[in-house]
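Novice: Could you build the full structure based on these sequences and the hints that come with them?
Protein chains in written order, with my numbering: chain A, 1 to 250; chain B, 1 to 426; chain C, 1 to 610.
The set of hints was computed from the structure by calculation and includes no laboratory data. Be aware that a few hints might be false.
Said to hold, decoys possible - Each pair of labels, with its calculated beta carbon distance range:
no.: 1; chain 1: C; residue 1: P411; chain 2: B; residue 2: L117; range: 50 to 60 Å
no.: 2; chain 1: C; residue 1: P105; chain 2: B; residue 2: S336; range: 57 to 67 Å
no.: 3; chain 1: B; residue 1: L84; chain 2: C; residue 2: I42; range: 52 to 62 Å
no.: 4; chain 1: C; residue 1: M348; chain 2: A; residue 2: G218; range: 28 to 38 Å
no.: 5; chain 1: B; residue 1: T275; chain 2: C; residue 2: G41; range: 52 to 62 Å
no.: 6; chain 1: A; residue 1: I2; chain 2: C; residue 2: F11; range: 49 to 59 Å
no.: 7; chain 1: B; residue 1: L176; chain 2: C; residue 2: D7; range: 31 to 41 Å
no.: 8; chain 1: B; residue 1: L20; chain 2: C; residue 2: G41; range: 38 to 48 Å
no.: 9; chain 1: B; residue 1: C141; chain 2: A; residue 2: D75; range: 49 to 59 Å
no.: 10; chain 1: A; residue 1: T228; chain 2: B; residue 2: C141; range: 49 to 59 Å
no.: 11; chain 1: B; residue 1: R405; chain 2: C; residue 2: G41; range: 23 to 33 Å
no.: 12; chain 1: C; residue 1: P105; chain 2: A; residue 2: S170; range: 25 to 35 Å
no.: 13; chain 1: B; residue 1: R88; chain 2: C; residue 2: F11; range: 44 to 54 Å
Said to hold, decoys possible - The calculated PhoX-like cross-link candidates involving lysine-lysine, where the alpha carbons are at most 25 Å apart (straight line), are:
no.: 14; chain 1: A; residue 1: K133; chain 2: C; residue 2: K455
no.: 15; chain 1: C; residue 1: K179; chain 2: A; residue 2: K229
no.: 16; chain 1: B; residue 1: K415; chain 2: B; residue 2: K11
no.: 17; chain 1: B; residue 1: K3; chain 2: B; residue 2: K175
no.: 18; chain 1: A; residue 1: K216; chain 2: B; residue 2: K366
no.: 19; chain 1: B; residue 1: K11; chain 2: B; residue 2: K244
no.: 20; chain 1: C; residue 1: K53; chain 2: C; residue 2: K455
no.: 21; chain 1: B; residue 1: K83; chain 2: B; residue 2: K175
no.: 22; chain 1: B; residue 1: K366; chain 2: B; residue 2: K248
no.: 23; chain 1: B; residue 1: K244; chain 2: B; residue 2: K3
no.: 24; chain 1: C; residue 1: K179; chain 2: C; residue 2: K109
no.: 25; chain 1: A; residue 1: K229; chain 2: B; residue 2: K366
no.: 26; chain 1: B; residue 1: K175; chain 2: B; residue 2: K159
no.: 27; chain 1: B; residue 1: K366; chain 2: B; residue 2: K3
no.: 28; chain 1: A; residue 1: K133; chain 2: C; residue 2: K53
We put the beta carbon where it would ideally sit given N, CA and C, even for glycine.
What follows is each chain in one-letter form.
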Amino acid sequence: MIARYGMTIDVDRCTGCGACMVACAVENNVPPAHQGANDRKGITWIRVFQVNNGQDYPNRRSAFVPVLCQQCGKDAPCASVCPQQAVEIDPATGIVGQMPERCLGCRYCMAACPYHARYFNWWDPAWPAGMEKTLNPDVAPRMRGVVEKCNFCHGRWHAAIERAAANGRSIQAVDYVPACVEACPTGAIQFGDLNRPESAPARAARNGNSFRLLEKIGTDPKIYYRSTKDWVHRISSAPAPGLGKERSRG
Amino acid sequence: MDKEFIARGVKRCSTPRFLLWILPWLSLLAFGLYSAGLCLVKGLNQTNMDNRFAFGLWIFLDLTVIALGAGAFFTGFLLYILKLKELRAVINSAVVIGLVCYSGAIAVLMVDVGQPLRAWFTFWYPNVHSMLAEVTFCITCYLTVLAIEYLPILLRNRKLREVPSFLVFEHELHKLVYVLAGVGTFLSFFHQGSLGGLYGVLRGRPFAFREGFLVWPSTFFLFIVSAAAVGPSFILLTTWLVEKISRKRLARPAVLELLGRISGLLLAVYVLAKTMDTLIWINRTSPDAGFPAAQYYAWRPFGTWILFAEIVLFGLVPALVMLAPWLRRRTGWLVSAAAMACLGVALNRFVLTVQTLALPTLAFDKFLSYWPSWQETGTFLAVVAYGVLVYSFSFRYLQLFPEERELKAEVRQEKEEELPAMAGRY
Amino acid sequence: MNTTRRDLFKFVGGSVVGALFTPAPWRLVTDTALWSENWPGIPRPARGEIRTKFTHCALCPAGCAVRARCVGDQPVALAGVPGHPLSHGALCAIGLTAHHLPYHPSRLKQGPAGEAAQAVSAAISKCGPAQHAAVLDLRPGRTASWTYRRAMASVKHGLYLAPPSPFGGSVAFDLHQAKTVLSFGAPLLDGWGTPGNVIAARENFRLIQAEPLESRTASLADLWLPIRPGAEEALAQAIANVLADGKPRSPFAAQTGLTEQQITSVAEELAHNGPALVLDGGQIPAVMELNRRLGSLGRTIVARRETPVPESWKKAAPVTNLASVPDGSIRVLLIDESVMDAYLPWSMIERKLVPDDPLVVTFAWSRQGYARHAQYVLPAAVYPEIFDDIPPAIDSVAAVFRIAAPLVEPPAGMVNPSEFIGGLAGLPAADALRQRADAIHQAGRGTLFTCAGAKSVPVKEVKPDDFWKALNEGGCWLDAVDESGAGHRFLWPANADDEKRSSAPPEDLPLVAITCETRAAAAPLSPLMSKLYQESNLRLAANHAALNPATARACGVGEGARAILRTHCGSAQIEVSLDSGVPPGVVKVAAGPGIMDLCGASARAQVVPA
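Specialist: As structure tokens, this is what we get:
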């Protein structure tokens, strides 16, 4: 079965609870923050941002936007730039896969990605004593010096394929969901095969309220965001200068 | 005490004095090696780079240093392929500078990657579409070429010449010099270009992304031209600097003026090409990606002044100065223009590495800033110290400037001619 | 033929060259890549048989059903149970990472249980006539709570204390019945009640959120009313005026910071788009009055029967509200903070202690809570090690009984608060949960929901042993609908804490400090929660505060500055960030036990550069 897995994220439903962020970290053996880590050095394969309409109090309105690897199409900016072919677009699933075992840590792919979806292991992973017992056996922990990112819980896809094969059939659309989709309490994140017109992402792609981030760049991402609020749609386009730069850390 | 290693006919300072000169550089190197060691042992968390600033001081340094070291291949091209014989005076110095620049860049690159032990993966699993793979191949090959070109200079040392096999080897090698120059030019063409291509292909960064010719974005060609333009300037600058520090005449003014003229010409071509490219980018490429160009310059402190500084102040102005014969003849103007040209290229590399990453791409991104940590700065200073040390040793024990002996004789003659005029006063 | 050395060399040389044409050496080279991946120090996940266990999360009153994926006996992932009648498959970020808590670096590993028991007995015997030995139960309504009440009935001067609760008796808010909900800052979409239940009911009602900050709930509400800090009571009064007379009476309308038009429109909506429900954090008397006026009592606010208890237990000490205890009368205080509904600021507790040499013993999983103020800190097991039941949540209309069945063994050295306190009165506490389950089974009403089968069965059809077994495997008892609730009397809430009623802001404390992320003060957080705090800007990290840029300038602090937050309870170091979405005059500060001791839910404050 040739699938093109995608997601639709309903921004109006996201409460910013962060369940997706921690469920992802639990599933993929992402370690807790090192002492020196902050939001610029931490590893959050999926990260929920709080965006707002640019107004001050009391006209400020906020929304929450989970951002993860957008699983770009065949011209994914990161795939063509990796000198070691550590990034591969799986033809069977459309998932942009990252091979930490082959990664040199040059971080060229991180410079290439406009969605900041790639994370570097600045430290060796460290879990508090005993907590390594809670690691997921299906995913290998990475060491420092390599890049990692969301891969739509590729390990779960493999497990689903094996289960389906054990049951004597091929994988069906409903057989696997990534951890974030499973954890989202409001159902804001939905997952499916874009090649099937009845799947949630395929229907979202046809919906007038849907948009993708930075569409004009030509990355052809497979994550469709949806909102009925007009101002939310502004997050899909290029940034406009803000009121001041963030203070530098360092 | 090391007199026998110093070439005949030239004077070098006394050994204790030389030790005094290299001591601070050695300490700097030691400190830098310690910094680099920390980064290798403890990991890249020792730096201030982060997930948004994936590249920092080191990549900027690499790009700048390789652009400045382009004097090596370009001078070789001009001398051996285009037969501009005057440049024989500086070719050895250019090779040493090139060697130092490229080896330093590769050393820093090894510290910059997260897994240096996997450096061979690029050669084992090369991605033909990746500009960085191309850069890796080309600069390692070119470093080999430079090492081979440095070998004859080394072997011509007064002491080493006494070994007959070295002499024969050096002589035979010299026959290959045209091949080496050609190969070096070819390789440099590609890696200077690919370094530009690194940023020009980034479709996800409309600030850096450029249209181009076939698979090569315009930055590919702009980098080649700018490197060719600044290479001679850097040779000029270093020669003048070494003359000043060693208080010797090492090359005829005509040589420096030639270098200046070549640099000015290429710089002018570069400024023209860059202006055209910038206009196309502002009016077509960037807006087509949904990023109106004006917004890039609305983020403080990167205003349009940086564009102006890069193209006009440190581009057009030094080009015009170096093209004007009456200004070229004055050392002050010439050297200042060369320095500005080098700064302009450094600024260009800075804009493409640091500014590209500082600028937000998503609407809800913040504009971030970055300042290197002391470990990063230390590693950078280690490269500088390494360069100065290698050059110092090369200058002391090898014949970097073939014209030095003649110029020394001329100076002595001038002094003797002066004396009769003074003799009568006492 | 003679084999010479040269032949040997030729053979070896030829083999080497030949081998290069085989895959062997190249394979070895590529395999070194694998070796470089597995350096020592990188843990390897343990492998084993994958099992599924069910339990309930004990970290907050919601008590969501949990499905644990275990490798052998070790949980490696937690998830909600889809289709569950109470939690509907939801599990929040804190619950999703709870399997890390047994390995939390801050957890207490040992404590002087014997010494503490002796000290408690000695102190009880020293109690004067008007003095008490009390248990402060920070999650009342459990079976363990009954144990404490029974123990305190036997202990001399014994008193059972519970935090101030907004309602006397068991009351629940029925969101499914509501068409319009007005919330005075209750975090309805941010951990209130049972999140899965709120989400399931959300489509049915229009939410109006009245609070000074644009909280997560406010940003998702259908309407956010940006009232001035402290103006909740004024708004409630103003709306009541509109309902009574048709327009808001001054000065209430002006105090809120809203226009008369806004207030009138909200009041009309509540009146005409019913059934309505007005919620708050439990501090405002006017809110209950509003509910009464709108006819919510009995419709969207309903009485809930108590989960059955064995008859013999009913001879227990009554539930005493902490606020109603005379100041300075408690000589011995045992605090069960091993599970907490909400963190009470220490000042609320401290004032009730005798001034000379009180004895405070706390049962805690870490030093983060009241341990700083206690003489004896006894280590308690933490979820998912505990064996405890979770009382029904505030939005649970029917009584429930669900057990947090332990997923892992607690380490040696843990003290069980029930057994310790029961031991003071000679009560065997170990069987309490079984006795409770038997009493429920005997009452004969309600249904049993089992996660494994995802089905509900009437309790009458289940044998007592099977009932107990099912409860231990993540099953849940739900009461039948209470037809006889009509006559319930709703008690008005106790008067709000006087500290918050001062009308004139003191000059030296010009700002209002409003705490957010209060869950962080009450529930243990896995180290992995750094994803939400430290490694992203999603939640304000502990001891961080956000100020409006104009307010920050007035205080003399800038972005990222270290500052001191001062209230009349003390001061604390904070790190400041600027946010123009925060109203001027307000400092939004992330809660942690230290900050809660300083500010409570909100307090007058001052921010100065450090």
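Novice: The hint says 28 to 38 Å between M348 of chain C and G218 of chain A; measuring C-beta to C-beta, is that right?
Specialist: violated, 60 Å
Novice: Do the Cβ positions of P411 of chain C and L117 of chain B conform to the proposed distance bound of 50 to 60 Å?
Specialist: violated, 40 Å
Novice: Holds or violated: 52 to 62 Å for the Cβ distance of T275 of chain B and G41 of chain C?
Specialist: Given a distance of about 54 Å, which is inside 52 to 62 Å, the answer is holds.
Novice: Take a quick look at whether K366 of chain B and K3 of chain B sit within 25 Å of each other, Cα to Cα.
Specialist: Measuring from Cα to Cα gives roughly 61 Å; hence the hint is violated.
Novice: That 52 to 62 Å hint for L84 of chain B and I42 of chain C (C-beta), does it hold up?
Specialist: holds, 57 Å
Novice: Given the proposed pairing of K179 of chain C with K229 of chain A, does the C-alpha separation stay at or below 25 Å?
Specialist: holds, 23 Å
Novice: Need the status of pair K366 of chain B, K248 of chain B: alpha-carbon distance at most 25 Å?
Specialist: Roughly 53 Å separates the two Cα atoms, so the pair is violated.
Novice: 49 to 59 Å was suggested as the range; check whether the CB atoms of I2 of chain A and F11 of chain C agree with it.
Specialist: With Cβ atoms ~52 Å apart, the hint holds.
Novice: Mind checking the alpha carbons of K133 of chain A and K53 of chain C for me, to see if they're no more than 25 Å apart?
Specialist: Status holds; Cα separation ~17 Å.
Novice: Between K133 of chain A and K455 of chain C, does the CA-CA distance stay at or below 25 Å?
Specialist: With Cα atoms ~33 Å apart, K133 of chain A and K455 of chain C exceed 25 Å; violated.
Novice: Taken at face value, is the distance from the CA of K3 of chain B to the CA of K244 of chain B at most 25 Å?
Specialist: holds, 22 Å
Novice: CA of K415 of chain B to CA of K11 of chain B, is that 25 Å or under?
Specialist: holds, 16 Å
Comparing the model with each numbered hint stated earlier shows that hints 1, 4, 9, 11, 12, 14, 17, 22, 24, 27 do not hold.
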